[in-house]
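Could you put together the complete structure from these sequences and hints?
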Amino acid sequence: DARVTQTPRHKVTEMGQEVTMRCQPILGHNTVFWYRQTMMQGLELLAYFRNRAPLDDSGMPKDRFSAEMPDATLATLKIQPSEPRDSAVYFCASGSLGASGRGAQYFGPGTRLTVL
Amino acid sequence: AQTVTQSQPEMSVQEAETVTLSCTYDTSENNYYLFWYKQPPSRQMILVIRQEAYKQQNATENRFSVNFQKAAKSFSLKISDSQLGDTAMYFCAFMKLSGTYKYIFGTGTRLKVLA
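Each protein sequence line maps, in turn, to chains A and B.
Our numbering applies: residue 255 is where the first sequence begins, and numbers increase by one.
Our numbering applies: residue 174 is where the second sequence begins, and numbers increase by one.
Quick caveat, the hints were computed from the structure, so don't treat them as lab data.
Just a few of them, taken from the derived set where beta-carbon distance is under 7 angstroms, the chain B residues facing chain A: (1) R216; (2) M218; (3) R223.
Partial selection, computed: residues in chain A whose CB lies under 7 angstroms from chain B: (4) T285; (5) G296; (6) L297; (7) V343; (8) L351; (9) G357; (10) A358; (11) F361; (12) G364.
In silico lysine-lysine, PhoX-like type, Cα no more than 25 angstroms apart, as pairs: (13) B:K243 to B:K269; (14) B:K275 to A:K316; (15) A:K332 to B:K275; (16) A:K332 to A:K316; (17) B:K228 to B:K243; (18) B:K251 to B:K269.
The beta carbon of each residue, even a glycine, is placed where N, CA and C say it ideally should be.
Written as structure tokens, this is what we have:
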């Protein structure tokens, strides 16, 4: 059963430290999304890629966040330096637009980040 | 711009009963998809059901079905024979077929199934 994987599942770090979250999309999916979920803001789209090219990162604080897709099996989201307000659950999702995918996004289990 | 509204922040239902969660959306698009996702306490986002706007027939997946009213821009989710495992946050999402492939999510409805 194909699924999106994310590492780490939990991360506790101190303010100012670099945080890297990784995502392995479902094989064959050509679109990858990064979301952030907090109680106050709900689900926010941070960035997304199609065929590894970044299409939209307007939801991401550019000064500290960066997202990359070095190859088709790996997407990364980095925060440097991290701040307490970055504490949230970060989700990666992948999908494939077309007859078989029909627009669905499949989510990973999330990375729960706590910045002290 | 598209918007998605879920007007019921919280709902509860007795086990084995039926419950309907509402979702309305606003768009000028004609071709789009609609989705319901479930987020249980584990936080995993799970696709429950999808509906293509060009299809008149309402989608069904086992105990889950939708009532899709395109003219009214309404997309409600019906859960039949509710089970304790259905306790979760439910999100409605809209995606237009042209352009970005981004979802517009509603704010969610927290459903609690009571024993």
